[in-house]
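*Asks:* One-letter residues, chain by chain:
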Amino acid sequence: MRVTQKMRQDSMLANINRAYDRMAGINLQRRITKPSDDPSGAEQLVRLRSLISRNEQYQANVASASRWLTYSEAALGNAAENVRSVRELALTAADDSNSLEGLAESLEAILQDMLSQANAEHGGRYLFGGSQGAQAPFQRNGDIVTYHGDDSELSTAISSGLSLRYNLPGSAVFGEQSADFVSTKDWDRVTDWDTELAELFDGTGVKPGRLRITDGGGASAVVDLRGAATLAELRDRIQAALPSLRVNLIDGERLEIRDTVNGGQVRVADVQGGETAARLGLSASGAGGALLSRDLDPHLSAGTPLGDLRGVNLPLGQVGVSLAGATPPITVDLSAAVTVGDLLDAFNAVPGLTVSLAAAGNRVLVSGTGGQSVALSDLDGDATTSALGLVGSAEPIRPFGTLIDLKAAVTSGDRERVRELLPEIEALEDHFTSLRATPGNRLSLAEDALATLEARNHTMTSALSEIGDADMTEALMQYQSAEAVYQASLVMAANIFQLTLTDYL
Amino acid sequence: MSGLFGLLETTKLTIFAQEMSLGVINHNIANASTPGYHRQRVALSARGSLVGLGGTFGGGVNIEGIERLGDRFLSSQLGRVSANRAEQSALADSFSVIETIFGEPADDTYGETGLGDAIDAFLNAWQPVVNPEMNAEDADTRGLILEAANTIAHRFRDTASALQSEAASLRERVAVGVREVNALLGEVAELNLALSSGSLNDSARADFEDTREVKLQQLSALIGADWQVDGEGKLRVYSGGRVLVDHVSAHALTTEAIEGEAGVGGLRLLPTGSRDTMTLAGGELKGLLAMLDNELPEVLSRLDALATRLIERVNAIHQAATGDGGGGIDIFSGNSASSIAVNPALLAHPEQISLTGKLPDGQDIAAAIFALHTESIESAGGLTLGGLYSGLIGHLGSRSASSGQLAQAAERLEAGLSQKLESSVGVSIDEEMAQMLVVQTTYQAAAKVITAVEEMLDVLMTAL
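Protein chains in written order, with this note's numbering: chain A, 1 to 505; chain B, 1 to 464.
Chain A with its partners taken away, still in its complex shape (with noise of 0.2 Å):
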């Protein structure tokens, strides 16, 4: 091959170009600086942004809550704080030895503070004004504090589908509660073959569905129970389906599958999606290979009759019902009641007492109306009221109220109103040791969230930086070879040139 010196010349100038582009192309910082050095590394990054911009946006979400939740934390500790001190001078108060001298100036120092911890401001926001965070929330106009917040609760959000309630409403901390107490005891209704299915665990109900069941022998069915309504329709389902298999219902309150026949283990599953067997709870804990469910906690409504009852005898007798520590206390007659609606009506036609089914379980809840205490109790001879688990007080919550009318009582030398607001400052103390929880549980519960927040930035922030960032030790070695290139190129380019045949002519 003839080379010219034009060839030697453009080859060179292109060994040039090229290595002088391969040095000046290495960036010691990025890996990628435009999308086409690597598309799929490109596009990542663009996502990874993104995701690491929303969770910083959840980090300062948690820390702002978490600084909120600290400010309600100590002023509910000074809340209660100041709560123990007003016992402390209701006790000396109390006491006729003592002198009542400079009590009231107390009182209203502490009144007036806990005024100013209701109204704790955080960022120029009112703590416990719910979402009318701009004003302040209670109102104090002579012997009357009023409540202007309302009663939402704020929530942001600290993690995707996950959010932390940062706020205590006003209303449910210095707010004016109702005396009330949930009864002791669970109303065990007997479960029978006609209960419902939907009735079942406190009326959530269990949705029939398929099951697969084997039998001790090893035989199985797919069981149908859709459409089943009542225990007899399963249990006759199933009975169908495996001759060698018998359903009973035990104490009243649970299911058993046993197999009669073969004796041996029986197992059950859900079929696709099923929920049947999960809801039934039903394990192999019965004895001899039978399955035995949970409580089946037929739902408690007004029409249960009271004969169903677990453990009640009817006719019942009487419960003595004191209203603000009014001695004696009032007879309410349950004789004649049939059915829980009875009963409830019953106690519900004294003036100022209000007696419901709990939300919750089978239990019912007992409230004084109108800021009055309440307390059941046994009558002289006759046990209805623990037999219905129904023994209890409680003191109403007033915050202001009592500190203004303790100081009012102090005022007036009233050592008897002193004294009978005792158990009312008494709960008010319990009530604000237990709110004063509520901000910490959920400041911890805002520090494992801001640690998994913080782990997950920190990932994703490493894997931004594995994906985009040049290995700058690689990258350095890779710049020195292509600078050895690049010189070894232009000295060679430099030789090269000067050699012609005109030299030697």
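Hint data in this document are derived by calculation from the structure and do not stem from the laboratory.
Note that the structure is a prediction, hence the values are computed from the model and not measured.
Note that CB positions come from ideal geometry on N, CA and C, so glycine has one too.
Just to be clear, a hint being listed does not mean it is correct.
Among chain A residues calculated to face chain B with C-beta under 8 Å, some are [what the hints assert, rightly or not]:
1) Met1
2) Met7
3) Ser11
4) Asn15
5) Ser36
6) Ala42
7) Val46
8) Ser131
9) Gln135
10) Thr184
11) Arg267
12) Asp270
13) Gly468
14) Met472
Fit chain B to the supplied structure of chain A, relying on the hints for placement.
*Replies:* Frame of chain A, contents of chain B only:
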């Protein structure tokens, strides 16, 4: 004619031939770096024999003419490769401009932000509202939201208008290219005319052919032109299945705008006076037209899709929000990347922005807007807004990378071929030097022959 005088005659021819060779060597050296120059040689042949007293001997050297050396096939092959290289380079160059327009992947370390970041910032802008401390002044939060919305609108419009101006510059480059092509076609036709006249000498003809080949190569690189010389030595230039130069007549090209999608009108190329669009086989213009007709509209329509979905979803959410004095009004006006703007009514009355409003399903507006991060949008093929954007960047990256790689490969092929061509037609100074030595020595030898003849004649003369 024979004898000593005959020898003098023969030697004279030798000297002429060497002088001419030296002249051609000189011409070669002078043109060693002239583009397209094909090295030349004096074609010599032995002259018919002379009859002497003792028998016959050679009659010296004949000058046949000046030859233009070179491989005709290589030249048109190089043309095709150049056409491909020019097409891919045009695409790659334009793509790298578009990549710069998007500025992705952005990196906080260098203070860069991309369009994607602006969208994220906007979707996050409501969060301060649920963020307990930052909402002390609702006016501030509304200002932040407006700011974020404005940034998005600006980014979209800036990106769209940068893409539009890239389209304008592509159109300009096509226009310049077409003018260049038309000039070249005319020049080739003129050269054909010159070459067909009988009055040219060999050297001048060779030089004209060199010039014409340079023009043809340029045409290849521009429109993927191919050429053929028929039996009568007439040259035809083709491109896209059409004869553009038929010996001495040239057909100029022209362009016509076509309606394009996404506001980027493409161009079509057609011969003057014809209605048939030409489909080029290669060349820079093919690359530019492809960019203008397909690639750029694709990028713009993806950008528009993103803008449109964002506008639709954000507006729908804010329209549905009730409570807190705001809501029920569009946040964005416009319906594409180039028309998106913050609703002017909001700019005048920011209090119409719903901060803590609720949607009919009870969701907070802040949560609903934030959920757009992950909401898969049906009208966007189930993608999220972020997915649309990263898809756009991925598409851009892979198209740019592939055209860049093709351009590089074509460049290497072109370099290899042009080396091969250069090897065949180029001037090697060393070779010319060696040739010059031969010519010089021959000339000296011929001079020696004259001296010898003269001496011999002298001997004869004195003997008489």
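*Asks:* Please go over all the hints and tell whether each is borne out by the structure.
*Replies:* Each hint, compared with the structure:
1. Annotation: Met1/A was flagged as interfacial toward chain B, and the flag holds, the nearest CB pair being 5 Å apart, inside 8 Å.
2. With a least beta-carbon distance of about 5 Å to chain B, the hint placing Met7/A at the interface is held under the 8 Å criterion.
3. Given the 8 Å rule on beta carbons, the hint for Ser11/A holds: about 7 Å separates it from the nearest Cβ of chain B.
4. Taking 8 Å as the C-beta cut-off, the interface hint given for Asn15/A is violated, the closest approach to chain B being about 10 Å.
5. The beta carbon of Ser36/A comes within 4 Å of a beta carbon in chain B, closer than 8 Å, and the hint placing it at the interface holds.
6. Taking 8 Å as the C-beta contact cut-off toward chain B, the hint placing Ala42/A at the interface holds, the least distance being around 5 Å.
7. Using the Cβ-Cβ criterion of 8 Å, the hint placing Val46/A at the interface with chain B is satisfied: the shortest such distance is roughly 4 Å.
8. Interface restraint check for Ser131/A: the shortest CB-CB distance to chain B comes to about 7 Å, inside 8 Å, so the restraint holds.
9. Hint status for Gln135/A relative to chain B: violated, with the closest Cβ pair at about 13 Å, above 8 Å.
10. Restraint check, Thr184/A versus chain B: the minimum CB separation of about 36 Å is more than 8 Å; hint violated.
11. The interface hint given for Arg267/A is violated, since its Cβ lies 41 Å from the closest Cβ of chain B, which is over the 8 Å cut-off.
12. This hint is violated: Asp270/A has a C-beta 30 Å from the nearest C-beta of chain B, more than the 8 Å allowed.
13. The interface hint given for Gly468/A holds, since its Cβ lies 6 Å from the closest Cβ of chain B, which is under the 8 Å cut-off.
14. Given the 8 Å rule on beta carbons, the hint for Met472/A is violated: about 14 Å separates it from the nearest Cβ of chain B.
When each numbered hint is compared with the structure, violations occur for hints 4, 9, 10, 11, 12, 14.
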